[in-house]
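Visitor: Here is how the chains run, residue by residue.
Number of protein chains: 2
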Amino acid sequence: MLNRQIHLVSRPQGLPEENNFKLFETHMPKPEEGQVLVQCLYLSVDPAMRGMMRDIKSYVPPYQLNEVLTGEVIGRVSESKHSNFAPGDFVVGRLGWEDYSVCNGENLRKIDPNPAPITTHLGTLGVPGLTAYFGLLDIGKPQPDETVVVSGAAGAVGMVVGQIAKLKGCRVVGIAGSDKKTQYLINELGFDTAINYKTTENVKSTLKEACPNGVDVYFDNVGGDITDSVIKLINQEARIVLCGQIALYNLEKRDVGPRLFPVILTKRAMIKGFIIHDYEARYQEAITQLSEWIGQGKILYNENIVNGLESAPNAFKGLFKGENLGKQLVKIAD
Amino acid sequence: MLNRQIHLVSRPQGLPEENNFKLFETHMPKPEEGQVLVQCLYLSVDPAMRGMMRDIKSYVPPYQLNEVLTGEVIGRVSESKHSNFAPGDFVVGRLGWEDYSVCNGENLRKIDPNPAPITTHLGTLGVPGLTAYFGLLDIGKPQPDETVVVSGAAGAVGMVVGQIAKLKGCRVVGIAGSDKKTQYLINELGFDTAINYKTTENVKSTLKEACPNGVDVYFDNVGGDITDSVIKLINQEARIVLCGQIALYNLEKRDVGPRLFPVILTKRAMIKGFIIHDYEARYQEAITQLSEWIGQGKILYNENIVNGLESAPNAFKGLFKGENLGKQLVKIAD
Numbered sequence: 001m002l003n004r005q006i007h008l009v010s011r012p013q014g015l016p017e018e019n020n021f022k023l024f025e026t027h028m029p030k031p032e033e034g035q036v037l038v039q040c041l042y043l044s045v046d047p048a049m050r051g052m053m054r055d056i057k058s059y060v061p062p063y064q065l066n067e068v069l070t071g072e073v074i075g076r077v078s079e080s081k082h083s084n085f086a087p088g089d090f091v092v093g094r095l096g097w098e099d100y101s102v103c104n105g106e107n108l109r110k111i112d113p114n115p116a117p118i119t120t121h122l123g124t125l126g127v128p129g130l131t132a133y134f135g136l137l138d139i140g141k142p143q144p145d146e147t148v149v150v151s152g153a154a155g156a157v158g159m160v161v162g163q164i165a166k167l168k169g170c171r172v173v174g175i176a177g178s179d180k181k182t183q184y185l186i187n188e189l190g191f192d193t194a195i196n197y198k199t200t201e202n203v204k205s206t207l208k209e210a211c212p213n214g215v216d217v218y219f220d221n222v223g224g225d226i227t228d229s230v231i232k233l234i235n236q237e238a239r240i241v242l243c244g245q246i247a248l249y250n251l252e253k254r255d256v257g258p259r260l261f262p263v264i265l266t267k268r269a270m271i272k273g274f275i276i277h278d279y280e281a282r283y284q285e286a287i288t289q290l291s292e293w294i295g296q297g298k299i300l301y302n303e304n305i306v307n308g309l310e311s312a313p314n315a316f317k318g319l320f321k322g323e324n325l326g327k328q329l330v331k332i333a334d
Numbered sequence: 001m002l003n004r005q006i007h008l009v010s011r012p013q014g015l016p017e018e019n020n021f022k023l024f025e026t027h028m029p030k031p032e033e034g035q036v037l038v039q040c041l042y043l044s045v046d047p048a049m050r051g052m053m054r055d056i057k058s059y060v061p062p063y064q065l066n067e068v069l070t071g072e073v074i075g076r077v078s079e080s081k082h083s084n085f086a087p088g089d090f091v092v093g094r095l096g097w098e099d100y101s102v103c104n105g106e107n108l109r110k111i112d113p114n115p116a117p118i119t120t121h122l123g124t125l126g127v128p129g130l131t132a133y134f135g136l137l138d139i140g141k142p143q144p145d146e147t148v149v150v151s152g153a154a155g156a157v158g159m160v161v162g163q164i165a166k167l168k169g170c171r172v173v174g175i176a177g178s179d180k181k182t183q184y185l186i187n188e189l190g191f192d193t194a195i196n197y198k199t200t201e202n203v204k205s206t207l208k209e210a211c212p213n214g215v216d217v218y219f220d221n222v223g224g225d226i227t228d229s230v231i232k233l234i235n236q237e238a239r240i241v242l243c244g245q246i247a248l249y250n251l252e253k254r255d256v257g258p259r260l261f262p263v264i265l266t267k268r269a270m271i272k273g274f275i276i277h278d279y280e281a282r283y284q285e286a287i288t289q290l291s292e293w294i295g296q297g298k299i300l301y302n303e304n305i306v307n308g309l310e311s312a313p314n315a316f317k318g319l320f321k322g323e324n325l326g327k328q329l330v331k332i333a334d
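Protein chains in written order, with UniProt numbering: chain A, 1 to 334; chain B, 1 to 334.
Everything labelled a hint here was simulated from the structure, so no lab data went into it.
Treat the hints with care, since some could be wrong.
What the hints assert, rightly or not - Every beta carbon over 10 Å from chain A, so not counted as near; a handful from chain B, in silico:
hint : residue
1    : Ala86
2    : Leu167
3    : Trp293
4    : Val306
5    : Leu309
What the hints assert, rightly or not - Calculated pairs, DSSO-like style, for lysine-lysine (alpha carbon to alpha carbon, straight line, at most 27 Å):
hint : chain 1 : residue 1 : chain 2 : residue 2
6    : A       : Lys253    : B       : Lys204
7    : A       : Lys208    : B       : Lys57
8    : B       : Lys253    : A       : Lys208
We treat Cβ as the ideally placed atom computed from N, Cα and C, and that holds for glycine.
Kindly generate the complete structure, drawing on both the sequences and the hints.
Guide: This is the structure we're talking about:
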């Protein structure tokens, strides 16, 4: 039996293209003592992977060319030589984009297939949900009646941010890239309003109308022009949570924009970048709370699932076209 | 006897010019019940006044045209109908740019003419010193062996920032606009090194050499290109204290610069703007500590004093040409 893998074969210039990736067939890996063989069931397709495709050192090392891509994966243990895992266990962790992965159990967590579907461990109960939870609550610190704006609002992180902000009694304004998305945010998730930045003629004035009391917390998934427009509306002591800058990930050189530090200064605002892994010690707290909210129907989620390992590169490309409503997943096996 | 006053008669476009200001002679003010008549001795000439010359609402209201300018002033009480003040008291507060001011005692503080000269209450023991103290210690939170970079390092705030950072065991790098200033910072104030941004060909690479371990705290008085160069060198969890953006104050339209949020994000850095008045309740703590350091010779200061109320507009203009080494004052009377 062969093991299929997706390799990065060239580094994207600008938007990723299908020819940056290639499907290879290789031999089935065998676990050694202390290792686990995992059958991959679902891959998480994540905008942050774009950064690792550049050949620069960041908070994680870049992907190597002609090696298997890695990302968050849900799988089932097929064979275990590790005392913590047994065949049949469902697990989540950083594994390869392949049919079967071997790993030493580090960073591999067992997950409970009940009560929420296992795929939520790549979304609302996984890295995106944890990112929303800690970024919003720990850095944004939303207070009742404050206005929270979230960009990339219909993505896996943004949806959870907006819903938690509603639970905290805030006015919530989402920014997303299609009417289907904005309607979903308003009608299904209870956002107070949402703006389609692609069809709105004047995003700044529309935002201003949507935020009659200004902006207290801005959860930024996108960067660029949208972020400029939001920052111009911030209130005193506003908190800006830098979570992602997807608008800038595919630019070949550094973009320019208006200098907004004078606004940050006179508003005594705070901007903080964060990386979810810094919160690892507190993951369980968030998972417990998010599971409770999901169980109570207070946090809804949406998944966009495509089938087949071979579809993964195209799904990744789609992230930057704004094709996904909620978490983008690839299903590899049942 | 007449009272001379400096009025703002037109709003500067770009750099302030002498014809934006005019000296008027008016009648001597008389204090009413509950008021104090103060003879002004020294005016503080402060870059932040530039912001108040624009006709826009900020954290303080803008100056009105054809009215007396206001700023931090040291004076001596000439006549008092207020129970807290007696003739002969030295005071500091927000008063007019004029020979004599009447005020109701709000925001007027008595100062001790010993042990430090009264002028220090416009510098190291005044708003600039307090700004340095709280901005650096409360927001920047420098730790021993960290690298602290301060721009506008030879100004009234920057000098104190660098010296406090040295007291906290940091490597301190100053950025200033002349060799006279950088030599003063290194030879007199004990900065580890200082960079003359006007004559250094490649500020970015020179900064990189000056900060071999990266930048942990950046105290920003200037904004613009210099700030871009520093931000590119920040370490993980760096703190950027936004205190001033003097490079941008005289621009007629908003400047553009590289988008650096991706750097802030991947470095999990924090940027915080602040206004010294938010710390009013804690001023005494800072004044006590700074006075002690001055008394022990651990914090030195430099003042640039010009004579005569009529010299004030030109001294203000000089701030933006980088003429002052330390606090810029105007002496009005003995």
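Visitor: If a hint holds in the structure, say so; if it does not, say that too.
Guide: Hint check results:
1. Ala86: 37 Å, holds
2. Leu167: 26 Å, holds
3. Trp293: The assertion about Trp293 (chain B) holds, with a minimum of 26 Å to chain A.
4. Val306: Consistent with the label, Val306 (chain B) stays out of reach of chain A, its closest Cβ about 28 Å off (over 10 Å).
5. Leu309: With a cut-off of 10 Å, Leu309 (chain B) remains clear of chain A, as the shortest Cβ separation is near 29 Å.
6. A:Lys253 with B:Lys204: Given pair Lys253 (chain A), Lys204 (chain B) holds - Cα atoms ~18 Å apart, limit 27 Å.
7. A:Lys208 with B:Lys57: This hinted pair holds, its Cα atoms lying about 17 Å apart.
8. B:Lys253 with A:Lys208: 21 Å, holds
In this structure, every one of the numbered hints holds.
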